[in-house]
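Asker: Below are the chains, spelled out letter by letter.
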Amino acid sequence: MKLKTSITSTVLCTILIALGVCALVESPSAAPAPDSLLLNAAGATFPYPIYSKWFTDYNKLHPELQINYQSIGSGGGIRQLQAGTVDFGASDKPLDDKQIGDFKFKVLHFPTVLGAVLPTYNVQGVTQEINFTGETLVNIFLGKITKWNDPALAAINKGVSLPDQDIVVVHRSDGSGTSFVWTDYLSKVSDEWKTKVGASTSVNWPVGLGGKGNEGVSGLVKQTPGAIGYVELIYAIQNQLPYGRVKNQAGAFIKADLASVTAAAASSAKTMPDDFRISITNPPGKTAYPICSYTYLLIPAQIQDGTKKQAIKDFLKWMLTTGQNDAEGLSYAKLPKEVVSRELKAISQIN
Amino acid sequence: MGSPSIAADRARPPRRARQFIQRLRHGDELAHLITLLAAASIIVITLMLVYQLYINSQLPRHKFGLAFFLGRVWDPVGEDFGALPFIYGTVVSSALALLIAVPLGVGAAIFLSELAPLRISNALTFVIELLAAVPSVIYGLLGIFVLVPVLRKVVMPFLKGTLGFLPLFKGPIYGVSMLAGGVVLAIMIVPFIISVSREVLLAVPVEQREAALGLGATKWESTWQVVVPYARVGIMASIFLALARALGETMAVTMVIGNDPKINASLFAPGYSIAAVIANEFTEATGDMYLQALIELGLVLFLLTILINGLARLVIVATAQRGATAP
Numbered sequence: 000m001k002l003k004t005s006i007t008s009t010v011l012c013t014i015l016i017a018l019g020v021c022a023l024v025e026s027p028s029a030a031p032a033p034d035s036l037l038l039n040a041a042g043a044t045f046p047y048p049i050y051s052k053w054f055t056d057y058n059k060l061h062p063e064l065q066i067n068y069q070s071i072g073s074g075g076g077i078r079q080l081q082a083g084t085v086d087f088g089a090s091d092k093p094l095d096d097k098q099i100g101d102f103k104f105k106v107l108h109f110p111t112v113l114g115a116v117l118p119t120y121n122v123q124g125v126t127q128e129i130n131f132t133g134e135t136l137v138n139i140f141l142g143k144i145t146k147w148n149d150p151a152l153a154a155i156n157k158g159v160s161l162p163d164q165d166i167v168v169v170h171r172s173d174g175s176g177t178s179f180v181w182t183d184y185l186s187k188v189s190d191e192w193k194t195k196v197g198a199s200t201s202v203n204w205p206v207g208l209g210g211k212g213n214e215g216v217s218g219l220v221k222q223t224p225g226a227i228g229y230v231e232l233i234y235a236i237q238n239q240l241p242y243g244r245v246k247n248q249a250g251a252f253i254k255a256d257l258a259s260v261t262a263a264a265a266s267s268a269k270t271m272p273d274d275f276r277i278s279i280t281n282p283p284g285k286t287a288y289p290i291c292s293y294t295y296l297l298i299p300a301q302i303q304d305g306t307k308k309q310a311i312k313d314f315l316k317w318m319l320t321t322g323q324n325d326a327e328g329l330s331y332a333k334l335p336k337e338v339v340s341r342e343l344k345a346i347s348q349i350n
Numbered sequence: 000m001g002s003p004s005i006a007a008d009r010a011r012p013p014r015r016a017r018q019f020i021q022r023l024r025h026g027d028e029l030a031h032l033i034t035l036l037a038a039a040s041i042i043v044i045t046l047m048l049v050y051q052l053y054i055n056s057q058l059p060r061h062k063f064g065l066a067f068f069l070g071r072v073w074d075p076v077g078e079d080f081g082a083l084p085f086i087y088g089t090v091v092s093s094a095l096a097l098l099i100a101v102p103l104g105v106g107a108a109i110f111l112s113e114l115a116p117l118r119i120s121n122a123l124t125f126v127i128e129l130l131a132a133v134p135s136v137i138y139g140l141l142g143i144f145v146l147v148p149v150l151r152k153v154v155m156p157f158l159k160g161t162l163g164f165l166p167l168f169k170g171p172i173y174g175v176s177m178l179a180g181g182v183v184l185a186i187m188i189v190p191f192i193i194s195v196s197r198e199v200l201l202a203v204p205v206e207q208r209e210a211a212l213g214l215g216a217t218k219w220e221s222t223w224q225v226v227v228p229y230a231r232v233g234i235m236a237s238i239f240l241a242l243a244r245a246l247g248e249t250m251a252v253t254m255v256i257g258n259d260p261k262i263n264a265s266l267f268a269p270g271y272s273i274a275a276v277i278a279n280e281f282t283e284a285t286g287d288m289y290l291q292a293l294i295e296l297g298l299v300l301f302l303l304t305i306l307i308n309g310l311a312r313l314v315i316v317a318t319a320q321r322g323a324t325a326p
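Order-wise, the sequence lines are chains X and R. Quick note on numbering that gives the first Met the number 0: the first sequence kicks off at 0 and runs consecutively. Quick note on numbering that gives the first Met the number 0: the second sequence kicks off at 0 and runs consecutively.
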């Protein structure tokens, strides 16, 4: 009997305390000071270094505006924007039609900088750059070309003595925009890849080992004799990784660098739709590097709060003009002029 | 305030209240309340966890049903999801880890509790407990830069040369592999087994040892035939604690296991574990079906843990009974 009452009382207390905790959690968090403005954003990790520099520099120019960017990945950024928990998002991959349909409001895409993805490798006794075509890359990643001295590779690498060594394919194990750009390119140059594997941030890889992040892939490639993997240009430059040339649509073997990436964007600028959603892998330009892509800010087309709206518009204007000059210092390719002028016009769509 | 009647009431509270206050003063009621709260919170958290995992994995549960457990394909593009390669990877890497860690851990615990001088034992135990606090990403990095090259250049060629006729040790050698995952996990869980088992062995009453020695047993006979069986249940518990850690380990495993969702008999082939795929793919999982399939994997890991813990209980109960009825 006594035990029963004590249990009842403790259960009651438990419930009361639980309710108290809930009430605490639901109370609104502290608002920023009235004369300062805080914008929250979340998304892609790839452009984080330059976004972080932009947001810091812009805050120095406009101390009243603070932009808090969480680099949680494109997928997370899109979901948070959908849920309305951030003011804008960022993604390495434009939203597809289905994703746009999932949004309750209209979202505008603003390309910010460009990135490229390139093949890095570890082949015994080879110090020269190895040439690849789209077709050979597809066959290597499908597991059809298994030796470095395969005739298909030897034919495009005359003068390079490729060894009789097994190829070990390395891909990203974490979902990433880098994988998307890589598989998007492979899908464009090969129908077989498109139907069997497809393009996405994570795919069902036919062969290979998975490494976590750029560092995981490059670590595996460095360690494993005969390995080939893919990393972002910025990562390859900073870590001085060896990487190969890739044949573009015009037939030239191009080594990825900032100029050849901007050239790729420029050569496809004419076909760019008004909403900027475009895949620029395998572009037509003669000097264009074929495996590259824009990274985007995702901005709601309608912003209720007038000060927030103006702040975002002003920031976009600054990012497209002054901000672009910071890109190359951080190994990002800047936007071509045509795209900048079209984006500046598109800012007026925010209202 | 201060009116005589109230003052009188306060001076003579009703009996039940007085009893309650008395018990409060002794701390029983309060202690009861606080500990019950602590226990209840664990249950509430677990239930909420399962509930969230369950309702947030509706889409794939409806689409695949039980086939989710048996599917061998993980294709985010075609939205075809099966958990079997991940279940296999989780179970095999953890089993491998136990296979290596149990003899090492129990052996070390016996040495530390029975044979080593207390001062050395205490010092070593301190170091071992430090090991348990090292973040798993550090073990992963050590795995990539030290363990994997050693496995690739020395251990795997040796195994292939001597035991290569077994399907376990066939196929090309990459370094990163199920074997590497198991070894890294073993290194990570050994400290748990050592530190808990040592405490359990130290708690065996000294009379047990004295009786064995008195009957003419050698030191080792007393340890192996009396002390260790006496501490059997505690040692088992330490092993299952370690197993739970191994099943859920993410970072270190994903760095060395190769992250390839295929079922392969060879320990040299890459594999993938449930915790690793969730950590790898969660941030960029854009579609609802994809995201929910990952959440369902979380549910599968939870079920797997419950299943294995249940089995562990059975083993403990069985051994405890055998211990009681043993001559």
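FYI, nobody ran anything at the bench for these hints, they're computed from the structure. Treat the hints with caution; some may be incorrect.
[What the hints assert, rightly or not] Below, in silico cross-link-like pairs of lysine-lysine (BS3-like), each with a Cα-Cα straight-line distance of 25 Å or less:
#1 R:K169 to X:K146
#2 X:K143 to R:K169
#3 X:K97 to R:K62
#4 X:K195 to R:K62
#5 X:K105 to X:K316
#6 R:K261 to X:K146
#7 X:K221 to R:K261
#8 X:K316 to X:K269
#9 R:K152 to R:K169
#10 X:K143 to R:K62
#11 R:K261 to X:K195
#12 X:K143 to X:K246
#13 X:K97 to X:K193
#14 X:K146 to R:K62
[Stated by the list, open to error] With beta-carbon atoms standing in for the labels, derived distance ranges:
#15 R:D27 to X:D304: 32 to 40 Å
#16 R:G170 to X:A151: 51 to 59 Å
#17 R:L65 to X:D101: 27 to 35 Å
#18 X:I99 to R:I33: 36 to 44 Å
#19 X:S160 to R:P102: 45 to 53 Å
Quantities reported herein were computed from a predicted structural model and do not represent experimental measurements. For every residue, glycine included, the Cβ atom is placed at its ideal position computed from N, Cα and C.
Asker: Determine for every hint whether it applies to the structure shown.
Answerer: Here is how each hint holds up against the structure:
1. R:K169 to X:K146: holds (20 Å)
2. X:K143 to R:K169: holds (21 Å)
3. X:K97 to R:K62: Holds: K97 (chain X) and K62 (chain R) sit about 19 Å apart, inside 25 Å.
4. X:K195 to R:K62: holds (22 Å)
5. X:K105 to X:K316: holds (20 Å)
6. R:K261 to X:K146: holds (22 Å)
7. X:K221 to R:K261: holds (24 Å)
8. X:K316 to X:K269: holds (22 Å)
9. R:K152 to R:K169: Distance of about 15 Å is within 25 Å: holds.
10. X:K143 to R:K62: violated (33 Å)
11. R:K261 to X:K195: Holds: K261 (chain R) and K195 (chain X) sit about 17 Å apart, inside 25 Å.
12. X:K143 to X:K246: Holds: K143 (chain X) and K246 (chain X) sit about 19 Å apart, inside 25 Å.
13. X:K97 to X:K193: holds (19 Å)
14. X:K146 to R:K62: violated (41 Å)
15. R:D27 to X:D304: 32 to 40 Å: Given range 32 to 40 Å: violated, Cβ gap about 56 Å.
16. R:G170 to X:A151: 51 to 59 Å: violated (25 Å)
17. R:L65 to X:D101: 27 to 35 Å: holds (29 Å)
18. X:I99 to R:I33: 36 to 44 Å: Roughly 52 Å apart at Cβ, these two residues miss the hinted range, so it is violated.
19. X:S160 to R:P102: 45 to 53 Å: holds (49 Å)
When held up to the earlier numbered hints, the structure conflicts with 10, 14, 15, 16, 18 and fits the remainder.
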